Amino acid sequence: MIAEAKDLQAKEIKLTDRPKYTKKDLVADHPTWCPGCGDFSVLSIYFKMMEKLQLPHEKITSIAGIGCSSRFPYFVNAYGVHFLHGRAAPFATGVSMMRPDLHVFVFGGDGDAFSIGGNHLNHASRKNVKMTYVIMDNFVYGLTKKQTSPTSPLGFKSKTDPGGAVDQPINPMKQLIASGATFIARTHSHLPNHVMEMMEKAMAHDGFSVIECLSECTEFYPGAFDAANPRKGGAFNLVPADHSVTDEIAAYKLAMTPFPGYFGVFYQEQRPTKNALEAKLIADSKARAENASPTELLQKTFARLS
Amino acid sequence: MIDEKVADSSTAPGGQRPPGARRIQDAVIRFAGNSQDGIQAIGGFLARLAGRTDKDVMTYMTIPATISGGPSIYQVRLGTGEVLSAGDDVDILVTFYQHSYNDHISTLRDGGILIYDSDNVQPDPNQKRYRAIGVPITGQTVEAIGGTAKDKGKNMFVLGLIARMFDLDVPKLETMLQAYYKGKGEDVIRNVIGAFNAGYGYDIGKVTDTFEFVVPSTRVTRKQVVMDGNQAIAYGALAAGIRFGAGYPITPWSSIMEILRAELPKYGGIFMQAEDELAAIAMACGASYSGYLSLTGTSGPGLSLKTEALGWAVMAEMPIVIIDVQRGGPSTGLPTSVEQSDLNIACFGGHGDSPRIVLAPSSVEDCFYITLEAAKLAREYSSPVIILSDQALATRFEAWEMPDLAKLTQDISPDFSARGPNYKPYENAADGIAHHAPPGTPMVDGKYPVVTGLEHDEAGHPASRPANHVMMVAKRRRKLQVLAGRLPKAETYGPAEGNVLLVGWGSSHGPIREAVDKARAAGESVSSLNIRYIQPLQPGIGEIFEGFNHVFVAEINDEGLYGYGQLAALLRARYCTDKIRGINKTDGLPFKVREILNGMNEKLKQSAEPALVSA
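Chains A and B supply the protein sequences, listed in that same order.
For the first sequence, the numbering used here begins at 1 and goes up steadily by one.
For the second sequence, the numbering used here begins at 1001 and goes up steadily by one.
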């Protein structure tokens, strides 16, 4: 089956046969986000990246869970899926495993990634399933109108914590490093060039690439990320130039820097993807079975059981 | 049963049977020991041997929920005709321990034979109900093998004893043993064969007879295959062309995922062991979305978790095959016992109006064919399909006719041909069926679709307008009504009219048919109906019900708050007749023929009618 998907790649319409597309061709529904929402920035950078890469529309697949940011697929004119709260990563795993010809993106928020789908993120990471996961982290539940999120800082006042959040928030970078993701970056939606740089690096990475993008909720947590926004008087600290991205301990130390912390690639390693491991298993199994057809394989099995 | 069916030995054709052998049509043998004694292996070899000769076989197994140790039994019914159930009463009981003897002696029929390990068991010396034969199984095995193996070959010693008693094909058995233990090394094979030969050579004395199976009048010449229900489902999925599966280990579903994990790569496919049940079905939804019909599976507790994504698949109209190997519930319940109590969750589990297809296989053979059919229906109706198997089907071996694999094996590769313009995956067509384009499919007008769990319009866009939801809810329901109209008409076993109709589903089908045979042989008016299509129901069921005075639904679940089991409640809601009553049980064991007949007589008594056959 995977071999068939490869055939499909060969059959792809040559890019030269198609007129180049522009951002206009990639726009679908008008975003439902509030004015000033950080997610707009991520969307427009996604368009820009596609425009640059000229990936055929039908090869782009955006998959999302539930939340404000998870409306993303509706706004892109490409194949998209609006799946269940927290379960976008395993859904994307199914797509990625069967379709090496597709570029699989997952878009979601902090609730999807670190709360209801926390375990799924860990396992897609450790299995190194090829996909790019962009977590638009706004430190609050926006779609349901201001409840505490797993990344809300201590003391944050929400409808579920009127007196201020009391639970220790998740440190996304620490969590991702521990989970075994092979490309981990952090960026800020108010700095589009940096977002673009991280997205391009993530997409070029052969494996599970994940980006935490601070994305301000202007409605329910305005100013949350001003401390990292130079235009608002904050400091946008890039990962130090001498940081070794293959050094897990160094990455962990960066992650422990108090907010607003660092931005850039925290960690990257080359490890065989789940996709490559399964493809090898298929190749080896088929060779051992002398490339027998499904009918021949079943006939042999049934003869053994008769 | 042995003494009921002894034929006159003078009619034996060929005359090559051993002197003194009693000729029989079937025999029920129960092995009772502990789970580590390898008694399942004895049963497995007998089942395979029977499948390779002209005997039919059905087995029955219980295993303890504990990981190691604890009581375990295996029951084999060997017969020369069609074997429909594992047998109510045991003809030959083999007990390894005192507790095996204590717990199972009551299952031995009057006049049956008890073989006990005289090293471990002391039977009641005063009983006259059965013949007791003590064999020092432990001591003889240790003597035969010796060394460090200790009593590990006891099962093979017993297999030898049984082979002698039933005049089984020893060369064939030895070949099977050699093949089975090939990978375990020369020492193991030597021990196995040594123990088997010791058992075969042990002089059991004149205390008992040897037996020979009657060659059936309609001799089965076709080739047979022997496997358990889980194997049949796994191979059915491979034949159906399913190339992606995902699952999470849970008893008794796990062996399906183990087989698929080993087999799928040879077919170019992938099986993913997911982090949990939710991820497993999410992965399967993703792979189906990508164009490859996918499978996931589980047992009871896992289905509870899977209902979330099942609802998405209903809403998105995503084809997917879900196996539920039912066990005792609720919660962790009885992990290694049979129950038919997941019908409600399979049909109705989840929030919102979410119609889906539910099928129930009635035998191991049907496990194979129903998986092929499930794949076909999932794709044709763009719908999730649940297969309700159960622990009894999953763990029993049956011999069934070799399928025509060349004819049945399917290639269901996705269709990536261009679609559009104005492509509407959810067009409100008369048949209500959605038509998805997998990603990678070019759209001629350059407009690409999003698949969503939100209510959507015909193009797949989120749409919450009242009229749209009305239309789409009806559309998703209508496609199953269209399917219902295309299903084969329901047919009874036995005459289509009469006094009592026994209705059943899943693994109860066999014992119900045997109950019908028994009742009809006694001159009573009893027929049966197997419900294979649980949802939607086949046409013709209402008409059949009209032809009977009583409709009794026999199912392994509770009679519920209002006196009917889960299928009975569904049928009462659908056909509005108070003729429908339940014969229910919740002991975690497959139906005995006697239990069905007793249940029937009891219900008839309640309606002040004379009892039919005595069970």
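Since the hints were made in silico from the structure, they are not lab data.
One thing to keep in mind: the hints can contain errors.
Stated by the list, open to error - Here are the simulated DSSO-like pairs of lysine-lysine, each with C-alpha atoms no more than 27 Å apart in a straight line:
1) K24(A) / K1424(B)
2) K20(A) / K52(A)
3) K24(A) / K59(A)
4) K59(A) / K1447(B)
5) K24(A) / K1447(B)
6) K159(A) / K145(A)
7) K1424(B) / K23(A)
As the list claims (entries may be wrong) - Derived contacts from chain A toward chain B, CB cut-off under 10 Å, selection only:
8) D29
9) H30
10) P31
11) C34
Said to hold, decoys possible - The calculated label-pair distances, taken between Cβ atoms and stated as ranges, are:
12) S1464(B) / K48(A): 25 to 33 Å
13) R1465(B) / M49(A): 50 to 58 Å
14) G118(A) / A1474(B): 32 to 40 Å
15) A1406(B) / T144(A): 40 to 48 Å
The structure displayed is predicted, hence computed values, not measured ones.
Glycine included, every Cβ here is placed at the ideal spot set by N, Cα and C.
Hints versus structure:
1. With a CA separation close to 22 Å, the supplied pair K24(A) and K1424(B) stays within the 27 Å bound.
2. For the hint pairing K20(A) with K52(A), the CA-to-CA distance comes to about 10 Å; that is within 27 Å, so the pair holds.
3. Note on K24(A) and K59(A): the hinted pairing holds, with a Cα-Cα distance of about 17 Å set against a maximum of 27 Å.
4. Our distance criterion of 27 Å between C-alpha atoms is met by K59(A) and K1447(B), whose separation comes to about 13 Å.
5. Our distance criterion of 27 Å between C-alpha atoms is met by K24(A) and K1447(B), whose separation comes to about 12 Å.
6. Among the hinted pairs, K159(A) with K145(A) is consistent with the structure: their alpha-carbon atoms are about 8 Å apart, no more than 27 Å.
7. Taking the CA atoms of K1424(B) and K23(A), the gap is about 24 Å. The hint holds against a cut of 27 Å.
8. A cut of 10 Å between beta carbons decides the hint on D29(A): the least distance to chain B is about 7 Å, and the hint holds.
9. For H30(A), the suggested interface contact is broken, since its CB lies about 12 Å from the closest CB of chain B, more than 10 Å.
10. At its closest, the beta carbon of P31(A) sits 13 Å from a beta carbon of chain B; the interface hint therefore is violated under the 10 Å criterion.
11. Residue-level restraint check for C34(A) is violated (minimum Cβ-Cβ distance to chain B is 18 Å; threshold 10 Å).
12. The hinted range of 25 to 33 Å is satisfied by S1464(B) and K48(A), whose Cβ atoms lie roughly 32 Å apart.
13. Between R1465(B) and M49(A) the Cβ separation comes to about 35 Å, which falls outside the hinted range of 50 to 58 Å.
14. At roughly 38 Å, the beta-carbon separation of G118(A) and A1474(B) lies within the given 32 to 40 Å, and the hint holds.
15. One distance hint, 40 to 48 Å for the beta-carbon pair A1406(B) and T144(A), is violated here, with the actual separation near 56 Å.
Checked against the numbered hints above, the structure violates hints 9, 10, 11, 13, 15; every other hint is satisfied.
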